[in-house]
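Chemist: As you go down the protein sequences, you meet chains Y and R in turn.
Going letter by letter, the first sequence gives residues 1 to 408 in our numbering.
Going letter by letter, the second sequence gives residues 409 to 646 in our numbering.
These are computed hints drawn from the structure, not numbers from a lab.
Hints are supplied without guarantee of correctness; some may be wrong.
Once the Cα atoms are required to be at most 16 Å apart in a straight line, the calculated EDC-like pairs of lysine to aspartate or glutamate come out as [said to hold, decoys possible]:
#1 R:K601 x R:E570
#2 R:K464 x Y:E366
#3 Y:K334 x R:E570
#4 Y:K26 x Y:D293
#5 R:K464 x Y:E378
#6 R:K601 x R:D562
#7 Y:K287 x Y:D194
#8 Y:K242 x Y:D255
#9 Y:K148 x Y:D47
No experiment lies behind these values; they were computed from the predicted model shown.
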Amino acid sequence: MGDIDPRSVGAATPQRAGFSEPLALKAGKTLAAYELVYETYGTLNADRSNAVLVCHALSGNHHVAGYYADDPQKAGWWDNMIGPGKPIDTDRFFVIGVNNLGGCHGSTGPSTIDPATGQPFGASFPLMTVEDWVASQARLMDRLGIRKLAAAIGGSLGGMQAMQWTLSFPDRIRHAFVIAAAARLSTQNIAFNDVARQAILTDPDFHGGHFYAHKAIPARGLKLARMLGHITYLSEDLLMEKFGRERKRLEAALDYDVEFEVESYLRYQGDKFAQVFDANTYLLMTKALDYFDPAKEAGGDLAKALAPASAGFFVASFTSDWRFPPIRSREILKGLVGASKSVTYAEIDAPHGHDAFLLDNRSYHELVAAYVDNIASEIGAGARRTPLSRGGAELEEMRGFAGQREGT
Amino acid sequence: MQRFDFELIGSWIPARSRVLDLGCGDGVLLAGLAATHGVRGYGVEIDPANVLASVKNGVNVIQDNLESGLSTFQDNAFDFVILSQTLQAMHNVEGVLNAMLRVGREGIVTFPNFGYWRHRLDILQGHMPVSKSLPHAWYNTPNIHLCTVKDFEDLCAKVGAEILDERVIHGGKQVTFLPNLRGSLGVFRFRRKESGLYPSASIARRFHTSSSKPGSAITKVQKKKVGHDMPRYAGSVA
Numbered sequence: 001m002g003d004i005d006p007r008s009v010g011a012a013t014p015q016r017a018g019f020s021e022p023l024a025l026k027a028g029k030t031l032a033a034y035e036l037v038y039e040t041y042g043t044l045n046a047d048r049s050n051a052v053l054v055c056h057a058l059s060g061n062h063h064v065a066g067y068y069a070d071d072p073q074k075a076g077w078w079d080n081m082i083g084p085g086k087p088i089d090t091d092r093f094f095v096i097g098v099n100n101l102g103g104c105h106g107s108t109g110p111s112t113i114d115p116a117t118g119q120p121f122g123a124s125f126p127l128m129t130v131e132d133w134v135a136s137q138a139r140l141m142d143r144l145g146i147r148k149l150a151a152a153i154g155g156s157l158g159g160m161q162a163m164q165w166t167l168s169f170p171d172r173i174r175h176a177f178v179i180a181a182a183a184r185l186s187t188q189n190i191a192f193n194d195v196a197r198q199a200i201l202t203d204p205d206f207h208g209g210h211f212y213a214h215k216a217i218p219a220r221g222l223k224l225a226r227m228l229g230h231i232t233y234l235s236e237d238l239l240m241e242k243f244g245r246e247r248k249r250l251e252a253a254l255d256y257d258v259e260f261e262v263e264s265y266l267r268y269q270g271d272k273f274a275q276v277f278d279a280n281t282y283l284l285m286t287k288a289l290d291y292f293d294p295a296k297e298a299g300g301d302l303a304k305a306l307a308p309a310s311a312g313f314f315v316a317s318f319t320s321d322w323r324f325p326p327i328r329s330r331e332i333l334k335g336l337v338g339a340s341k342s343v344t345y346a347e348i349d350a351p352h353g354h355d356a357f358l359l360d361n362r363s364y365h366e367l368v369a370a371y372v373d374n375i376a377s378e379i380g381a382g383a384r385r386t387p388l389s390r391g392g393a394e395l396e397e398m399r400g401f402a403g404q405r406e407g408t
Numbered sequence: 409m410q411r412f413d414f415e416l417i418g419s420w421i422p423a424r425s426r427v428l429d430l431g432c433g434d435g436v437l438l439a440g441l442a443a444t445h446g447v448r449g450y451g452v453e454i455d456p457a458n459v460l461a462s463v464k465n466g467v468n469v470i471q472d473n474l475e476s477g478l479s480t481f482q483d484n485a486f487d488f489v490i491l492s493q494t495l496q497a498m499h500n501v502e503g504v505l506n507a508m509l510r511v512g513r514e515g516i517v518t519f520p521n522f523g524y525w526r527h528r529l530d531i532l533q534g535h536m537p538v539s540k541s542l543p544h545a546w547y548n549t550p551n552i553h554l555c556t557v558k559d560f561e562d563l564c565a566k567v568g569a570e571i572l573d574e575r576v577i578h579g580g581k582q583v584t585f586l587p588n589l590r591g592s593l594g595v596f597r598f599r600r601k602e603s604g605l606y607p608s609a610s611i612a613r614r615f616h617t618s619s620s621k622p623g624s625a626i627t628k629v630q631k632k633k634v635g636h637d638m639p640r641y642a643g644s645v646a
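Given only the sequences and the hints, what does the whole structure look like? Please build it.
Modeler: Shown next, in the form of structure tokens:
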């Protein structure tokens, strides 16, 4: 990458918020105290009505947009969505990115030292649910003086959090963007998650989740989990188009070393991920995905479960997404329509698979921008100061994937 | 709302009704009804450009294919289901009408009348009609299922729809004398016949004679100013 995007929010600075009031978790345990790491972009307006919370997915974090002064090459994972002249424009909105509890990018999680033992929490860190995350995010909003969000937005697991916001805090959110998500995971999706978990759990370096004490990381397990996930985040057509059957070397690799380009790519991505991500966080995140099922407590009736919501919904799916396919979003839509909620639904034509929600796609971004403009007029934030403009090249190159991977 | 059929539709719909607008185009009908009548509901569109235009008009729009049975919507979920100048572009017209009768208490359909005299004249002269209401040539038209006002009456009978009102319009005015000949736009309001629970079971009524006899419902003369009655998005209905 060359010059810094003129539409960037600029240099970002992570911040910390400590909470000493215990957080009762859905699974029964209590987190006595915790810290959340977050970033903000734009300015909170006088009546504090222009806040947009960005919820991250499995491997995401709080660094949503902009760059760090010491690493200007590496933009936040949703930088193409957030900034002046971008769909969620920071001229009018105050955008918050937060690392979820249980994460591994600074918020309290399995790798944090447990004050009770002086050792990392490891496997003893409590299971987190989407509801728990939303509850902790709401406390962060309290801290920031935000009574009501203009919107929460997220893709995949992030979309689930945006949806949960409308149920946990119906009077604290105006709109929810639920993108490439599901009202609950399909059996196949749970199955994928379990294969990923098994890869980690059976790695000898996992040590029952207390690998920190052994100065080890279950890198093989994490790598395999990531390789598997990665395949499911892309469409078959895209994999074929990018890598085809191209080979790194022409002689047959009877030693099972890297032969096809796609192997090289996946192994590289897996290795890179294993160096920076925490295995316990990966396990915890996949469990939160598996357990999310707001309809369950309403006897399986999603419309009934969604009845408390008063937010407007923007639901979108992508045609080539087979991990969270359009039919899952249609289930959300059906529930919302059945509950007579205000909802817009788009099925966006995109070839990339699940990752499409992170990528630059004109009709997708125009739709989000148009919906954001409606929110702006609702809260009296006026018209765009910077016209919606297109970014650079579509992020279809391998580098693009690598840079954007943190979102899923 | 400028279009006369929109005005007519507006006059039929009570305030705060629940409305589903199938093939909502840029959403102006729903946006107008929301502003003037406080209606709530959704537009359905398949075309991405129209979905975007609807969002820009502040309409709750759902991207979907009308011919997939409207499975997103529950039975009797709406007071009115509108299909405005879209019927003629549907593959499965009967299926769409049945779905309308299922999800709505009443249906409203508008369509270009193929029986309009200019269309008949074109045929007599040996050509497929091209007119204000049917602006496309035969080889590139999205309008694959054209019908006359009489034809539509027959189809209503077949699917078990009771016609509550029917008007034929031309040049922004209602046509009461020889409407199927002199009018270019048909506007129908109907509901599911009480007797037939499932519309598709009413094929026996194919040869009806009574209530929906051509012209019989056209009694009230209602003159209103109007711009034109071009199809709203005849070029973009897939």
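Chemist: Confirm or reject each hint.
Modeler: Hint by hint, here is what the structure shows:
At roughly 5 Å between alpha-carbon atoms, K601 (chain R) and E570 (chain R) fall within 16 Å of each other, so this suggested pair holds. For the hint linking K464 (chain R) to E366 (chain Y), the alpha-carbon distance of about 10 Å falls within 16 Å, and the restraint holds. Pair hint K334 (chain Y) plus E570 (chain R) does not hold up; C-alpha atoms about 29 Å apart against a cutoff of 16 Å. Of the pairs offered as hints, the one joining K26 (chain Y) and D293 (chain Y) holds, with about 13 Å between alpha carbons and a cut-off of 16 Å not exceeded.
With a C-alpha separation of about 13 Å, the suggested pair K464 (chain R) and E378 (chain Y) falls inside the 16 Å cut-off, and the hint holds. The suggested pairing of K601 (chain R) with D562 (chain R) holds, with an alpha-carbon distance near 14 Å, which does not exceed 16 Å. With a C-alpha separation of about 9 Å, the suggested pair K287 (chain Y) and D194 (chain Y) falls inside the 16 Å cut-off, and the hint holds. Proximity of K242 (chain Y) to D255 (chain Y) is assessed by CA-CA distance (about 25 Å); at most 16 Å being required, the pair is judged violated.
For a cut-off of 16 Å, the pair hint linking K148 (chain Y) to D47 (chain Y) stands: about 10 Å separates their Cα positions.
Of the numbered hints given earlier, the model fails hints 3, 8; all others are met.
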